Amino acid sequence: MSSELRKLFFTSLSQKYLIEISYIGLFLSVTAFINMILSVFRFTEDVDQNSGFGVAFFLGMIFQTFGTIGLFIYSLSIRKGLREKKEDSINRAFKGMTVFFLFTILSIVLILVVPFLWLAFNSII
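Numbering of the sequence shown is given in my numbering, commencing with residue 829 and proceeding in unit increments.
Quick caveat, the hints were computed from the structure, so don't treat them as lab data.
Just so you know, these numbers come straight off a predicted model, no measurement behind them.
All C-beta atoms, glycine included, are put in the ideal place defined by N, C-alpha and C.
A couple of the hints might just be wrong.
Said to hold, decoys possible - Cβ-Cβ distance ranges computed for the label pairs, FRET-style: (1) L947 / R911: 48 to 54 angstroms; (2) Y851 / L930: 21 to 27 angstroms; (3) V941 / R911: 38 to 44 angstroms; (4) V941 / T893: 16 to 22 angstroms; (5) K914 / A948: 49 to 55 angstroms; (6) F944 / S842: 29 to 35 angstroms; (7) T839 / V941: 31 to 37 angstroms; (8) E915 / S951: 52 to 58 angstroms; (9) I952 / V858: 14 to 20 angstroms; (10) F894 / E848: 22 to 28 angstroms; (11) N950 / T859: 14 to 20 angstroms.
To be verified - When the alpha-carbon atoms are kept at most 20 angstroms apart in a straight line, the in silico DMTMM-like pairs for lysine to aspartate or glutamate are as follows: (12) K923 / E848; (13) K923 / E912; (14) K913 / E848.
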């Protein structure tokens, strides 16, 4: 890493924003976990498991679980890193945020693409 990037630091205002974001992220991740648990019960009761929409929903939910874990890791690690001034905690926090965005994008793509592939496959057969 270049010496100029090493000089990068968080101002008190940026630290305040990161901590506020961490509280929001923690709230979102906890409510997402609760929502996923309730969705599993709903999925098993309401969705026909032979449909493409049910498969897309289930796969999307799995990917969202990993994204939610990434958001939870970010929320806990960024506060710890800023409070204790530990670079490894801040790095872990941003890696968690990267995981969140990656799996959120993948779950959106799955939810949008799988039903169309399922319909196309079933119309051919």
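Quick rundown of the hints versus the structure:
Checking the proposed 48 to 54 angstroms range against L947 and R911 shows it holds: the Cβ atoms sit about 51 angstroms from each other. About 23 angstroms separates the C-beta atoms of Y851 and L930, a value consistent with the hinted range of 21 to 27 angstroms. Judged by the Cβ atoms, the range 38 to 44 angstroms given for V941 and R911 holds: they are separated by roughly 42 angstroms. Between V941 and T893 the Cβ separation comes to about 19 angstroms, which falls inside the hinted range of 16 to 22 angstroms.
Taking 49 to 55 angstroms as the suggested C-beta distance range, the pair K914 and A948 conforms, at roughly 50 angstroms. Range check, F944 to S842: Cβ separation about 42 angstroms, and the 29 to 35 angstroms hint is violated. As the Cβ distance of T839 to V941 is approximately 42 angstroms, the hint placing it in 31 to 37 angstroms is violated. Between E915 and S951 the beta carbon distance is about 54 angstroms. The supplied range of 52 to 58 angstroms therefore holds.
Roughly 43 angstroms separates the CB atoms of I952 and V858, a value that falls outside the hinted 14 to 20 angstroms. The hinted window of 22 to 28 angstroms between F894 and E848 holds, with their beta carbons roughly 24 angstroms apart. With their beta carbons about 35 angstroms apart, N950 and T859 fall outside the hinted range of 14 to 20 angstroms. A distance of roughly 18 angstroms separates the Cα atoms of K923 and E848; the hinted pair therefore holds under the 20 angstroms criterion.
For a cut-off of 20 angstroms, the pair hint linking K923 to E912 stands: about 18 angstroms separates their Cα positions. Pair hint K913 plus E848 holds up; C-alpha atoms about 17 angstroms apart against a cutoff of 20 angstroms.
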